[in-house]
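Enquirer: Okay, here's what each chain looks like letter by letter:
Protein chains: 2
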Amino acid sequence: MSNGEQKFEVTGFQAGGMAAGIKEDGRKDLALLYSEVPAKAAGIFTTNVFKAAPVLLDMERIKSGTTRAVIVNSGNANAATGDEGYQDAVKMARFCAGALQIDEAQVLVASTGVIGRKLPIDKVAGNVSKLVKGLSPGGIPEAAQAIMTTDRYPKIQYREGPVGGSDICVCGIAKGAGMIEPGMATLLAFVLTDADVDDQAMKRALREAADQSFNAISVDGCMSTNDTVLLLANGLAGNRRIRTSTRDFAVFTGMLADVMTELAKSIVRDGEGATKLIEIVVEGAKSAGDAKTVAYQIARSNLVKTAFYGGDPNWGRIISAAGAAGVALDPSAVDLTFDGVPLFRQGQGIAGHLQELVEIMKKDHIRVVVKLGQGTKSFRVFSSDLTLDYVKINAHYTT
Amino acid sequence: MSNGEQKFEVTGFQAGGMAAGIKEDGRKDLALLYSEVPAKAAGIFTTNVFKAAPVLLDMERIKSGTTRAVIVNSGNANAATGDEGYQDAVKMARFCAGALQIDEAQVLVASTGVIGRKLPIDKVAGNVSKLVKGLSPGGIPEAAQAIMTTDRYPKIQYREGPVGGSDICVCGIAKGAGMIEPGMATLLAFVLTDADVDDQAMKRALREAADQSFNAISVDGCMSTNDTVLLLANGLAGNRRIRTSTRDFAVFTGMLADVMTELAKSIVRDGEGATKLIEIVVEGAKSAGDAKTVAYQIARSNLVKTAFYGGDPNWGRIISAAGAAGVALDPSAVDLTFDGVPLFRQGQGIAGHLQELVEIMKKDHIRVVVKLGQGTKSFRVFSSDLTLDYVKINAHYTT
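So the sequences go chain by chain: Z and V.
At position 217 of the first sequence the residue is numbered 217 (our numbering), and the sequence of numbers has no breaks.
At position 270 of the second sequence the residue is numbered 270 (our numbering), and the sequence of numbers has no breaks.
These are computed hints drawn from the structure, not numbers from a lab.
Heads up, a few of these hints could be off.
For identical chains, the list gives no copy identity; a pair is met inside one copy or between any two copies.
No farther apart than 25 Å at their CA atoms in a straight line, the calculated lysine to any residue pairs in the SDA-like style are these [unchecked claim]:
(1) K118 to T337
(2) K392 to E262
(3) K363 to K392
(4) K123 to A351
(5) K363 to G12
(6) K118 to H353
(7) K392 to R269
(8) K91 to G373
(9) K362 to K392
(10) K392 to G273
From just these sequences and the hints, can you work out the full model?
Expert: Structure, rendered in structure tokens:
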């Protein structure tokens with residue numbers, strides 16, 4: 001995703017990543033994001049009731065609304081580790097705060113990797129000084145590498161533009177819903193901006209952008225114990241403070257949504273074993289909720305996902321999934337297209353486009369549009385295909 | 001499932017099955033179940049909004065509460081076929097009624113197979129006389145064969161016992177949730193009994209038995225356009241009429257549930273590519289709804305299903321699925337066992353049983369018990385593993 005000419009820097013932020021020996025294969029596994037001044041912070045966390053220790057800690061700490069640093073390890077999720085795990089998360093933040101000489105309450109923590117095993121906290125303790133020494137304004141791509149688990153490539157996105165009288169920038173990194181050993185689909189994403197944003201606008205912009213991006217992807221419908229999305233805004237761009245219900249807010253949220261949507265798409269593309277990005281758009285619904293329900297029912301269907309893997313333009317599986325969503329539909333009003341080519345209309349399949357469809361099914365990004373013919377609401381979800389590699393990767397892990 | 005000594009006959013019923021050329025490979029594809037006297041009938045049909053033509057027809061006809069015959073074809077689902085398809089379903093019943101010399105309104109119809117293609121109604125017309133001529137009291141196993149699509153074996157179950165002063169018998173046949181080309185997980189089941197059952201007891205017994213059996217299995221969470229379960233009772237056993245809220249009702253419903261549960265289990269075992277039956281029992285829930293929600297969330301998880309395929313005792317995937325079900329749980333109260341061996345308790349994994357677990361994971365029926373520690377309600381669901389063969393079978397169909 002990165003290239004030599006693109007700069008991934010945000011005024012006032014430093015970052016870094018290193019190999020601390022938490023992963024056994026020697027890859028980078030410890031990342032740090034640091035704001036030179038206190039940054040506003042907002043977060044979205046997994047709704048799984050089995051929340052990992054760092055999630056529980058962050059949910060408390062984010063209430064203050066300000067943060068100086070986020071320390072992240074990969075290779076161990078520090079989940080299902082009980083009280084000892086929680087104390088390890090506290091220690092991880094404390095060691096980091098000590099090395100940075102900041103208040104430990106201003107440090108957030110995230111972990112991803114194997115669950116149910118004690119975090120090797122000594123490896124964090126022994127390496128955090130080196131991690132801090134390695135911080136630099138250009139270190140965000142290194143951090144993106146250090147949070148990877150089974151991801152095939154780092155995920156980083158950058159946007160800049162004028163908001164409130166200044167140029168602001170937004171840079172985000174993420175790691176994948178790549179069915180992490182031993183089986184968590186952990187999503188971690190950290191978005192840094194130099195914009196000046198008020199407290200309410202922070203929360204709302206993050207929520208709106210997440211609903212269009214990380215909350216609109218499906219790799220296998222599993223939600224991890226560790227999912228965490230954090231937004232840090234240090235205000236150094238000098239823009240007019242962004243408040244809700246303003247044009248500035250809309251522009252800022254759009255930039256945020258753009259960064260997060262591209263990250264989300266790269267996560268789907270990098271889903272374990274995935275070979276195709278399937279964009280499912282449900283239009284003409286009575287409510288956004290109906291549109292989302294139908295879209296996810298299609299996105300999660302193993303029959304739909306295997307059909308795309310096999311290159312089969314199998315409209316029957318899609319309409320059957322739509323029909324099973326629990327939303328009252330009129331079959332004769334439903335219309336289905338793949339990349340604009342019609343497959344189903346007025347309760348019947350449409351013949352005569354097989355060759356076009358065979359070509360479309362070979363593409364690595366296919367847009368499926370289902371029109372319900374009931375109203376004006378829509379929802380889009382990004383899904384992936386279900387492949388032999390998905391089963392191989394996830395079946396043959398040994399505890 | 002059948003064996004030479006077991007008799008599959010129900011007083012007053014005749015059945016048969018033949019190859020009518022609807023399937024291209026020459027296998028049996030047309031089945032008939034016939035009651036010598038008018039039989040009480042109750043049915044449960046797919047809730048998919050895209051209902052196949054025969055489902056729409058049966059939902060109307062079953063309102064009368066009596067039936068003489070059910071004609072079933074495999075190889076073509078007569079789904080997404082519009083008005084013409086509905087007329088074909090009507091014709092299929094009419095031809096059958098003509099050959100049997102009964103009222104066409106007393107004939108029900110079911111279809112399973114490829115969707116979106118016109119039913120070759122001429123093949124029904126040309127063979128129905130022969131089908132009727134082949135009827136016999138011992139023909140139920142032939143009918144079980146003729147309703148198969150990708151099923152590896154026919155599914156038939158028989159129970160008999162004393163109810164209301166007479167010996168009654170219950171015999172059921174089913175075809176699988178085996179992800180039928182081009183992708184419908186069609187479940188068809190037909191249960192015949194010689195018991196005398198009143199109208200209300202018919203409906204309620206079928207519903208209760210289905211909730212424990214066909215509504216408690218998950219192969220891949222897909223619901224077909226054609227799912228149909230019919231109960232026919234001709235009353236020839238001469239028992240005291242079975243009415244709700246009686247001991248007779250409980251015994252009858254138990255027999256029905258027993259037949260239908262064994263059929264359901266054989267459908268899961270025969271799920272496409274499945275190698276293992278995974279019995280997921282959620283206990284200690286506040287409500288039956290909570291228990292069912294958690295059980296299905298686990299049963300449907302691709303990560304759980306691939307772990308069982310791979311033989312990995314991966315408790316993390318199970319607790320994560322349970323935690324994502326949207327039911328408020330106390331992680332420290334949750335307890336997980338595989339065949340009685342503990343894996344997770346009080347918020348943490350339990351070490352020390354790896355060798356036992358490795359042996360359990362090799363079995364072809366594994367019982368997973370999740371205790372929520374919140375109440376007294378429970379739910380059981382039968383699931384299967386997700387295998388390389390599942391993906392191969394479902395990816396490489398070509399339209």
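Enquirer: Each of the hints needs a verdict: does it hold here or not?
Expert: Consistency of the hints with the structure:
| no. | hint | verdict |
| --- | --- | --- |
| 1 | K118 to T337 | between (49 Å within a copy, 21 Å between copies) |
| 2 | K392 to E262 | neither (27 Å within a copy, 31 Å between copies) |
| 3 | K363 to K392 | both (23 Å within a copy, 20 Å between copies) |
| 4 | K123 to A351 | between (62 Å within a copy, 23 Å between copies) |
| 5 | K363 to G12 | neither (41 Å within a copy, 58 Å between copies) |
| 6 | K118 to H353 | between (56 Å within a copy, 18 Å between copies) |
| 7 | K392 to R269 | both (17 Å within a copy, 21 Å between copies) |
| 8 | K91 to G373 | neither (55 Å within a copy, 32 Å between copies) |
| 9 | K362 to K392 | both (23 Å within a copy, 17 Å between copies) |
| 10 | K392 to G273 | both (9 Å within a copy, 14 Å between copies) |
The earlier numbered hints that this structure contradicts are 2, 5 and 8.
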